Structures are given as C-alpha cells and as structure tokens.
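Asker: Each chain, letter by letter, is given below.
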Amino acid sequence: MTAIASPPPLHRHPSLTSSQDQARQRYLSTPDAEKYAAIDRVLDRRGGRTHEAFVGGQETKEFLRKTCKILVIGAGGLGCEILQNLALMGFRDIHVIDMDTIDISNLNRQFLFREADVGKAKSIVAAEFVMKRVPGVKVTPYYGKIQDHDEAYYKSFNMIITGLDSVEARRWINATLVGMVDEDDPESLKPLIDGGTEGFKGQARVILPTMSACYECSMDMLTPPTVFPICTIANTPRLPEHCIEWASVLEWPKAFKDKKLDNDDPDHIEWLYQKAADRAKQYGIEGVTWSLTQGVVKNIIPAIASTNAIIAAACCNEAFKLATTSAPSLDNYTMYVGNDSIYAFTFKHEKNPECPVCGGETVDLKVKKGTKVESFIEMLTENQRFQIKKPSISFGSGQPLFWQAPPQFYEQTKHNLEKDLDELIASGDEITVTDKALPFSLDLRIEFE
Amino acid sequence: MDTATQIWTVKKDEQAAAKKKPKTSAAQVRVQKDLTELDLPPTMKTDFPDPANLLHFKIILNPDEGFYKGGSFNFTVNISPNYPHEAPKVKCTQKIYHPNLDLEGNVCLNILREDWKPVLSLNAVLVGLQYLFLEPNPDDPLNKDAAEDLRRNRDLFAKNVTNSMRGGSVGRESFDKVLA
Amino acid sequence: MEDSVTLAEATTDIQPIASHRPDAKTRRYDRQLRLWASSGQKSLEEANVLLVGCDAAGCQALKNLVLPGIAQFTILTASKVTAGDISTNFFLLPESLGGSLAEEAVRLLKELNPSVQGHADPRSAKQVLEEDPAWFRSFGLVIVCGSGEDADVGAEVTRKIGKALWEGGQEDTPMISLRTSGFVAKVRTQFREHCVIDTHPDHSHTLRIDTPFRALEDYALGLDLESMDSMEHSHVPYVLLLVRALRTFEKENDGKRPIYDTTDAFKEVLARERKALDEENFAEAEGQVFAVTQISEVPAGVKSLMDDPSCEGVSKDSKDFWLLVKALKAFVAHPENKSGLLPLSASLPDMHTSTASYINLQNLYKKQAMADATLFKSCLKEVLSEVGLDGEAISEGDADEFVKHCHTLLCERGSQPKEELTAEDVADDFLMETFDLTHGVALNIAFHLAEKHHLKTGTWPGTVEDEYHTVKAQMFDQAKAILGMPELGSNVDRDDDGRLFIRPEQDEDDMDEETEEDVERREETRKAKIVQDSICEICRGGMKVLPTTAALVGGLVAQEAIKLITKQYSPLNGTCIVDLVKGGMTRYPI
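Protein chains in written order, with UniProt numbering: chain A, 1 to 449; chain B, 1 to 180; chain C, 1 to 590.
Hints may be right or wrong, so weigh each one.
What the hints assert, rightly or not - Taking CB as the label site, the calculated pair distances span: (1) B:Ala-180 / A:Asp-185: 54 to 62 Å; (2) C:Pro-349 / A:Gly-144: 41 to 49 Å; (3) C:Asp-400 / B:Asp-50: 54 to 62 Å; (4) C:Asp-400 / A:Lys-436: 58 to 66 Å; (5) C:Asp-254 / B:Lys-89: 49 to 57 Å; (6) C:Glu-516 / A:Lys-66: 54 to 62 Å; (7) A:Lys-257 / C:Ile-295: 53 to 61 Å; (8) C:Glu-171 / A:Ala-53: 52 to 60 Å; (9) B:Thr-76 / A:Thr-223: 23 to 31 Å; (10) B:Asn-53 / A:Pro-31: 56 to 64 Å.
In case anyone wonders, no lab produced these hints; they're calculated from the structure.
All of these numbers come straight from a predicted model, not from anything done at the bench.
For glycine and all other residues, C-beta sits at the position ideal for the given N, C-alpha and C.
Could you build the full structure based on these sequences and the hints that come with them?
Answerer: Spelled out as structure tokens, the structure:
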C-alpha cells in the first residue's frame with residue numbers, strides 16, 4: 001500500500017517527550033489506507049443511491065487528496081467547523097478568507113480560537129490551528145475582503161464553501177461565480193455551497209451557478225431587516241428597542257456630527273445605552289439593558305456551537321460528495337430547525353426566471369454595420385420576440401448607452417441616437433436592455449455583419 | 001476524472017447551462033432598471049453629481065400645489081449594495097418646517113423604513129415624497145410642533161410654511177430659504 | 001474596539017469597568033445567553049455529562065457542550081488510540097497514538113474552555129456495568145457513542161446502560177445514544193419524563209380580547225372616541241377598538257358573540273368608529289379580528305397535563321412541575337378567577353399607538369397579570385400544604401416563571417428502545433416513506449438489524465470483507481420479515497456475489513396497458529429498493545465514522561443535550577435518522 005501524501009519531515013517536535021515523538025512518527029508513517037479506513041469505505045464501495053458516474057478507488061482518492069483545491073469564505077462560527085471537517089475528510093489544499101479579527105464573544109463557538117488570540121486575524125489563527133492539528137493539510141489564509149480578489153483567483157478553485165453572516169458578501173460571491181460560467185469550459189463552473197445559522201435553526205444549500213437556483217433567486221425568502229418608523233422612534237416610543245434606535249439613529253448623528261458610530265466600540269454602546277435608558281425612564285418604558293442595546297445596534301443574531309456544527313457538516317458533506325461523487329449531491333436546499341424536537345426539510349429551490357443575476361437570457365443578435373442606434377431601437381420595439389416599447393440601453397459595464405430616463409441621462413445620451421451602433425461597441429460585445437415590459441432585463445450579444 | 005468533469009457528468013442531463021453573465025453587482029443592475037424606468041413628474045428632477053455612480057444622487061422637488069408650492073427641496077438618495085433588500089436612504093439637505101421631516105432632514109415615510117419591500121422601486125419612493133409635500137400627515141409626526149400647528153389651524157400652518165420657506169423663523173426655530 | 005482589548009481585560013474582571021457593562025464571562029457567552037438566558041446558563045454550568053466510549057461523533061458532541069460551558073464531563077473508555085481514531089477525531093494528535101483514548105481526548109477538549117472540568121476514566125464500560133451499574137446514574141446526562149470505532153462500546157453496552165438508567169425510576173438520568181455508519185446515522189433520546197416550562201414558543205401574548213377582564217373592558221368602553229382629535233383617534237390601541245366593537249356587536253345581536261361566519265358583520269361594526277381610511281390602528285384591528293372570533297380557552301396541551309394522573313395524584317415526592325400544574329388546575333377552577341382561563345400574561349405586542357396609551361394599556365395587563373399570579377400562588381400554597389410540604393417549598397421566583405410560561409407547558413414521556421421491531425412499529429411510517437422517497441424508516445430498520453447482528457456475532461455488518469455481501473442479503477431477508485413484504489418478485493435477483501439486484505421495470509412507456517398486478521409489482525419493487533439501498537448504505541459505511549457525519553451528529557446530540565439540561569425548548573423524543581446521502585433527517589417515536 002503506498003501512502004499518497006509525501007511523508008512530512010521527520011524532525012522531532014520540541015515540546016514532545018521521546019515516547020510521544022515515537023508515537024507521532026509511527027502515526028505519520030502509517031499508510032493512508034489505514035489512517036483513512038473510515039473514508040475509504042465510502043470511496044471503495046458503492047452505495048445504493050450512488051450515481052453511475054462514480055469511479056471510486058484510487059483515482060477518486062487522488063483527486064480528493066492531491067488535486068482538489070477548495071476555498072472557504074468566512075473563518076467564523078461556520079468557518080471554523082468547515083475547516084476542521086474539510087481537513088479531516090482529506091481535502092489537503094484549503095484556502096480561507098476572512099476580514100475579521102477575533103472577539104471574546106466568538107469563543108463560545110469558534111473553537112479554533114483561544115483567549116490569547118483575541119484581536120488577531122481569524123483566518124490566520126484558524127489556518128495555523130488546523131495545520132497544527134491535522135498533519136498533511138495545507139491551509140492558506142487570506143486576511144481581507146473577498147472583493148480584493150479577481151475572477152482568476154476564484155477560477156483557481158474547484159469549489160467554494162461560504163459560512164457568512166452578510167447578505168452583501170453572499171450576493172457578491174454568488175454573482176461573481178455566476179458571471180464566471182463559460183458554457184464552453186466546464187472548468188469555469190464552480191459549485192457554491194452556502195450555509196447559515198440563527199439560534200437553533202439553519203440552512204445549507206448547493207448552488208451550481210447557472211444550472212440551479214442561485215442565491216439571488218431566493219432573496220425574497222430572507223426576512224427583511226427590522227426597522228421602526230422614524231416618527232415612532234422620535235415621538236411615540238413604546239418598546240425598549242424604540243429608545244435604542246432613537247439614540248443610535250437620531251441622537252448620535254446630532255451629538256457627533258462627523259464621528260461614525262462604531263458598533264464594536266464599547267464606549268459608543270455605553271453612550272447609546274445611557275441615552276436610551278434615560279429616554280425609557282422618562283417615558284416609563286421598561287427593558288433597556290446594555291445587552292439589548294448592543295443586540296439592537298449590532299443586529300446580533302444568537303449563535304451556538306451545535307447549530308454551526310450541524311450546518312457546517314452538512315455543507316462539507318456536500319463538498320465531499322461533489323469532489324468524489326460517492327453520493328448524489330443535495331438538490332438543492334435543506335432547512336434545519338432544532339428548537340422544537342428535530343425537524344429538517346429538504347427541497348429543490350427553483351430558478352427564478354426574473355433573477356437579476358442568473359435569470360433572463362442572453363440573445364445573440366446580428367446587426368448590419370452602419371445601423372444607427374435610433375433605428376436599432378426601432379428594430380427592438382418592432383421585434384415580436386421582445387415585446388418592448390420604450391427600451392433603454394446600457395453598455396455591459398452598466399453605463400448608459402441610451403437611456404429614456406431620468407432626463408439627465410436622456411440629455412447626456414440622446415446624441416448617441418445619431419451614432420452608428422458599431423461606433424459605440426465592438427462586434428461580440430454585450431449590451432443590456434431594460435424596459436417596463438421586461439420582467440427584469442435582457443442581454444444582447446451583438447454581432448455586426 | 002476531475003471534479004468539474006464529474007459534476008458535469010452528473011448534472012449535465014438535468015439542464016443545459018444558461019448564458020447570463022452579469023458584469024455589475026445585482027444592486028447595480030436593479031438600480032439601472034429602476035432609473036431607466038423612472039416616471040418623473042414635472043415637479044421632480046434628479047441630479048447625479050457623478051454619473052458613473054448610480055448609487056448616490058440628488059432629488060429636487062418643486063411642488064406646484066399645496067402648502068409647499070414655490071419651494072425647492074433637495075434630497076440625497078443613498079442606495080446600499082444590499083438594494084433592494086434594504087430601502088434606499090433619503091435625507092433632506094435643508095432645514096425645513098414640515099410635520100414629517102425633522103430639523104436634521106430625516107424623512108418619516110413608511111416605504112423608506114418599515115413598509116419597504118424589494119418589489120417597490122425608486123419610482124415608489126419619489127411618488128411617496130411628492131405625496132408627503134402635497135398632503136403632510138399631522139397624525140404621525142416627526143416634527144411635533146409643525147404637526148400640531150397643522151392640526152389646530154391650517155391657515156396658521158400655511159402661513160408658517162410660507163414664512164419658513166423664505167428663510168424665516170417659526171417659534172424659536174429658523175429655517176433655510178428654499179424658494180425656487 | 002472590542003477586538004483590541006488587552007488579554008487581562010478580556011479574561012478577568014480585575015479591571016474596573018462600568019457596572020452595567022457585561023463582564024468577561026457574559027461577553028464570552030453573549031451569543032448563547034440571547035437564547036437560553038442566565039437561567040439556562042446556570043443549568044449548563046451545573047451539568048455533569050458522561051460520554052461512554054470515545055469516537056469522533058462523541059467528541060464533537062462534547063466539544064459543543066464544553067464551549068457553552070457545562071460544569072464537567074467524563075469520558076469512559078478503556079480503549080487505546082489508533083491511527084483511525086486520530087485521522088477522524090479532531091481532538092486527538094499524532095502523538096496520541098497508542099495512548100489512553102479517554103485521557104488524550106479529555107486533554108484536548110478541556111482546552112476549549114478553561115472553566116470546564118474534564119475527567120478521563122480508563123475503565124471499560126462492560127466492567128463498570130458489571131461492578132456498579134448505578135454509577136451511570138450519578139451523571140446528569142449520559143451520551144453513548146455508537147460507531148464501531150471504539151470496540152469498548154457495542155450494541156450490548158448501549159442496551160445495558162439504557163436499562164441501568166431507566167431503572168433509576170422517575171428521576172432517571174436522560175441518555176442520548178448514537179450510531180454512525182458512513183453517510184448515515186441515528187440519534188436516540190431516552191428519558192422517562194421530561195417536563196419543560198419554557199418551550200420558547202414563537203408568540204407568547206394572550207391578549208384575551210374575546211373575554212376581556214373587567215379593567216380592560218371598563219377602560220375600553222370609557223373612551224370617548226367622538227371628542228378625540230384626529231391624532232388621538234388614530235392612536236387608540238387596536239385592542240381597545242376590538243373590545244368596544246365586541247360589546248356593540250353583542251348588544252346588537254341579542255348577546256351573540258361574533259364567530260368566524262359573522263366576521264364581516266363584526267368588521268362592519270368595527271369600521272363604524274373609523275374616521276379616516278388611513279387610520280393605522282383600525283387597519284391593525286381589522287387584521288386581528290380573529291382574536292375576537294376565536295374563543296380563548298385553556299390550551300389542549302395544558303388541559304391534558306391538568307388531567308394527567310401525575311397531576312391528580314401529587315404527593316410531597318412529586319416534581320415541582322406537577323405541583324405547579326396542580327396549582328394551575330386549582331387556579332382555573334377557583335371562584336375568584338371568573339374567566340376560567342389560565343393566568344393572564346403581562347406582555348403586550350407592539351401596536352400603533354402613543355407612548356402614553358401603550359403604557360396605560362400595558363399597566364392594565366400587568367396589574368391583572370399580577371392579580372392572577374397572586375391568586376395562583378395562593379393556590380400553590382394550598383397544594384403544597386395539602387401534600388404536606390412547606391409553603392415555601394417552591395420559590396416565589398419559580399412560581400412567577402411558571403405563570404409566565406403556563407400557556408405552553410410541555411411534558412414528554414419517553415420509552416426504552418424496542419428489542420424487536422415489528423411491522424406494527426414501522427409499517428405505517430414505511431408506507432409514507434414509499435411516497436416521499438425518503439429512507440428514514442428503512443435506515444432505522446437497518447440500524448436495528450445491524451445492532452442485532454452485533455449482539456449475535458460481536459462484529460458490525462460491513463466490517464468483515466468476506467461476509468460483506470452475505471450479511472447484506474441476510475439483513476434484507478430480515479427486513480422483509482419485519483415489514484411483512486412478500487417474497488422477492490420475479491424482477492429481483494441476486495448476482496454472482498450474492499448482491500441483490502432489481503431489474504429495471506419493463507414497458508414503462510406502456511402505461512395504458514399496465515394491469516393492477518403491474519402496479520402492485522412496481523410498488524413492491526420500489527419498497528424493496530428503498531430497503532435494499534438502506535441496508536447497503538449501512539453496510540457500506542461499516543459502522544465507521546465519517547468526520548462530517550460525526551460533526552453533524554455531534555451537533556444534533558449537543559442540541560438535544562442542551563435542551564435536556566436547560567429544560568428549555570422541546571427535545572427529540574425517540575429516534576432521529578440522519579441520511580447524508582440525500583441530506584435529510586427524519587424522526588420516529590420508537
């Protein structure tokens with residue numbers, strides 16, 4: 001039996017006794033077949049529901065343990081669990097991005113961090129910890145934002161797992177991955193596995209960009225953020241939350257003109273708490289506490305280790321199945337509720353044809369060279385296929401080419417009506433058409449003839 | 001066989017890949033749609049200080065009837081990258097006398113806060129603003145004094161509005177001159 | 001920045017900080033305190049948990065309990081660390097190889113939270129069961145590992161510990177047992193009785209608009225809507241609008257109250273007092289009309305608790321829960337409680353109204369709630385004295401807490417696992433399963449058969465390569481016997497390796513010509529396939545523990561443990577099957 005991993009350097013760990021060191025060396029030279037017996041069972045044997053494409057055996061193991069490169073976005077509650085699971089499942093080339101540093105309130109669930117790590121970068125501490133604990137795995141941290149990287153970076157991975165608490169970041173990575181898909185290049189499709197938790201509840205999903213429903217398709221499933229009417233906050237507070245919002249939304253900007261409220265600064269929270277508590281007292285409202293103030297201002301979502309464990313494991317299980325085809329992958333959404341016994345619900349989220357990211361279609365259109373933009377627009381309105389009346393046209397970049405509204409843009413772009421379309425764009429370029437009659441927008445790829 | 005190929009083998013039979021390729025963010029695409037479909041009444045204008053940035057712009061409202069006829073009101077509109085999941089943020093840049101605006105320019109309009117829904121558009125926001133200047137709501141006020149004036153004595157309120165728009169004072173507060 | 005506090009500040013209370021600012025411990029546990037509050041945290045911090053056997057799933061469960069801060073845990077196993085343990089268990093190191101499994105895992109688990117005590121007990125569970133089965137009852141919760149990884153715990157040990165705990169009587173120690181095999185797993189909870197006061201329902205307001213208490217009614221009817229200005233009028237709380245409309249409706253309809261069928265007529269009465277269409281309080285009232293047409297009553301769940309023999313026959317040895325339920329029953333029947341309902345809850349949802357009228361209304365509810373609570377407490381004192389207990393045996397605070405949650409009380413009664421599964425236990429669920437195309441019941445049967453195989457042979461299915469296919473075939477026959485499935489149809493064969501093999505159905509396009517017999521055969525084939533696939537999956541995994549499956553099960557076990565320890569939320573009662581092939585979970589009472 002040959003070990004797949006190249007044996008690690010056989011130097012003695014300084015803090016180990018000699019018998020511990022011997023044990024360590026013995027473990028490191030144990031063949032993979034023995035170490036990975038549990039995982040190999042499902043890679044060597046076929047299950048009743050395993051897809052025909054399953055190869056299994058050495059080839060699959062080599063891909064998993066040598067070739068597959070996986071990106072984890074977020075090294076927080078879910079991220080810590082994800083990194084642990086991937087490393088133990090045999091993924092050896094793992095990258096992790098996180099822009100946050102460790103806070104003491106992370107320690108009740110982000111188990112790769114200790115008190116001494118408070119203030120350090122999550123991605124770096126997490127990567128070091130996992131490498132120390134699981135020999136042979138390489139975890140490459142990046143301390144920064146996902147937006148710092150370009151398509152080429154994301155193209156270098158086989159798949160991406162996200163454990164994020166931000167809608168914005170999820171939308172960004174989702175749109176980026178959908179945008180990267182090139183139908184002529186199967187390698188350009190990067191599966192996105194996304195997890196999220198709140199208290200005892202959570203969800204996990206698999207997104208195959210352009211093939212299955214994407215994150216944006218299901219934006220309407222999100223609970224809208226809680227906001228109170230400004231007049232309630234200002235004049236008729238009834239709940240402690242109203243007093244806290246009054247302090248943060250109305251009073252803070254008044255008191256500190258140019259200083260932005262920092263949710264993580266305890267002095268800022270203190271100020272808001274005092275203000276809110278005074279107001280509550282004045283109105284006879286009970287329940288303003290420091291903890292509630294912080295919760296409302298930071299929009300804190302309760303989080304526990306066990307729920308993160310469940311959701312992260314579900315995500316990593318999907319990553320493993322995608323990498324090995326040892327079992328069919330989740331199609332495509334599972335919801336978990338743990339506060340009232342155990343309840344899980346798996347369903348297929350359908351693609352939204354009106355999705356601004358993956359919906360709509362790109363239509364190839366042939367246009368004669370020398371066609372004026374004005375007559376091009378006329379062509380569009382006369383085309384029975386599109387059924388549009390008053391289209392506006394934007395460049396692929398989103399900048400206006402010809403906009404009907406608002407007037408400023410109309411004035412700014414109307415001179416383009418007189419121009420030839422081929423003066424403005426090159427053959428093969430894409431333009432976006434928006435019109436009230438369109439569910440969302442229409443992309444046209446223009447070929448000049 | 002590598003992963004990508006495996007995935008495609010498994011999944012290809014399900015559905016052919018579509019071809020959509022967004023180059024801009026989802027919020028951006030949505031704002032683009034909202035803007036090109038804006039139905040501006042003659043009383044409203046938009047101003048994009050940086051035409052390349054569609055997420056920050058100004059609205060100028062010149063009511064042609066009602067208490068605020070003759071005034072010219074400026075608002076900033078800030079759209080977050082989470083649009084339309086989050087409502088656009090609208091603020092008046094002038095200090096004005098209005099039951100539903102406070103002295104800092106905050107606007108109390110339900111669709112800007114608690115009643116915002118992603119199906120609403122920028123057009124709905126503009127319609128709401130216009131309505132607020134046509135029919136100020138004195139029953140859920142932000143400026144309690146102005147609201148009380150309106151409830152008690154419409155004529156006095158109208159006088160106060162006119163006075164404030166000239167840059168005069170109402171009670172102890174002085175207001176910005178906003179005459180067009 | 002909170003992030004940049006010094007280590008001293010972050011970890012100790014030495015630095016003087018403003019009194020209302022949370023201390024280091026509160027900050028550490030902030031995200032969980034928002035779920036189970038300090039009362040739940042207190043229970044956790046007193047909890048003593050035993051893990052029998054030690055594998056990846058068990059250690060993951062402990063990790064998720066050490067992090068939120070249980071008092072202490074013990075790992076009981078005589079096993080030594082193998083290479084397979086290290087590669088699947090995050091809480092072992094290469095240098096742990098050959099060492100005591102219990103000691104190595106305890107050491108690394110303890111690192112997760114300095115305030116948690118961990119103990120390694122290197123005895124074998126079998127030995128302890130023989131020498132001192134009552135020892136297991138000295139813990140607050142027992143978790144029994146169930147992969148084949150730790151040879152120290154098998155099917156027999158799990159059964160015996162279950163029995164030992166069950167025999168502890170009403171005050172039994174709850175047990176969570178688990179089994180994992182590759183992509184599939186099973187979690188089972190066992191307890192005789194688990195009573196929950198705070199189940200954390202989604203809503204907890206009981207406005208009782210349909211049967212308003214006196215003060216509420218007087219206040220509502222005393223309002224002079226006519227003389228109000230537009231602002232005041234549009235800010236009358238909807239609760240009061242509904243109470244007024246209710247009385248008017250009754251007056252006009254010979255004392256008949258509005259019901260579902262007369263909703264429209266009631267809305268018409270309500271609308272009469274409306275001054276302008278855009279009055280939000282009236283819009284709210286209209287949206288809450290069901291609060292008038294639905295009649296308040298004692299919730300069925302609470303009623304059944306009050307009729308439970310444990311309530312009827314309370315004695316001084318009863319749990320506080322039952323004494324409190326008995327007092328609740330006395331409260332409901334008490335002549336001073338004219339409503340005949342449960343104590344009113346003091347909480348009020350937000351509504352469109354002014355601060356002053358909201359606070360007014362809130363005070364009305366608070367006052368009535370307090371009066372109800374006082375009456376309840378006097379009922380409690382009587383109950384306590386009747387059974388010969390001191391009037392202070394249950395603290396005022398506990399009584400208040402009970403009253404607060406008395407609309408959503410819960411009592412779950414558990415069971416011991418069945419030694420033999422019969423068609424009666426599984427047939428109905430299995431029938432459902434064939435429609436839903438899930439594999440939960442079949443997997444549960446397969447786990448049961450795997451345990452029986454282990455009891456008989458001492459090995460788990462799928463572990464002995466030579467027997468791989470024959471064991472699968474045996475289990476399939478046994479499963480068919482349990483389900484009462486007919487002999488294999490002519491479409492089911494065994495291949496040369498003894499593997500079951502279901503031939504694809506013929507003439508699928510030819511639906512028109514399908515006879516009843518064909519339909520039946522197709523159904524039987526489908527069922528056989530589900531059963532076969534499930535057995536296949538369990539044998540495939542060979543009772544080995546996949547790290548992802550272990551992590552998921554560890555999360556589930558910890559959630560259940562937290563619910564059982566804190567006595568908050570509703571726990572799993574019975575079995576949960578985890579199927580990570582499909583990505584689902586199903587639960588069964590058996």
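Asker: It remains to establish, for every hint, whether it holds in the given structure.
Answerer: These are the hints, each one checked on the structure:
| no. | hint | in the structure |
| --- | --- | --- |
| 1 | B:Ala-180 / A:Asp-185: 54 to 62 Å | holds, 58 Å |
| 2 | C:Pro-349 / A:Gly-144: 41 to 49 Å | holds, 43 Å |
| 3 | C:Asp-400 / B:Asp-50: 54 to 62 Å | holds, 60 Å |
| 4 | C:Asp-400 / A:Lys-436: 58 to 66 Å | holds, 59 Å |
| 5 | C:Asp-254 / B:Lys-89: 49 to 57 Å | holds, 55 Å |
| 6 | C:Glu-516 / A:Lys-66: 54 to 62 Å | holds, 55 Å |
| 7 | A:Lys-257 / C:Ile-295: 53 to 61 Å | holds, 56 Å |
| 8 | C:Glu-171 / A:Ala-53: 52 to 60 Å | holds, 55 Å |
| 9 | B:Thr-76 / A:Thr-223: 23 to 31 Å | holds, 28 Å |
| 10 | B:Asn-53 / A:Pro-31: 56 to 64 Å | holds, 60 Å |
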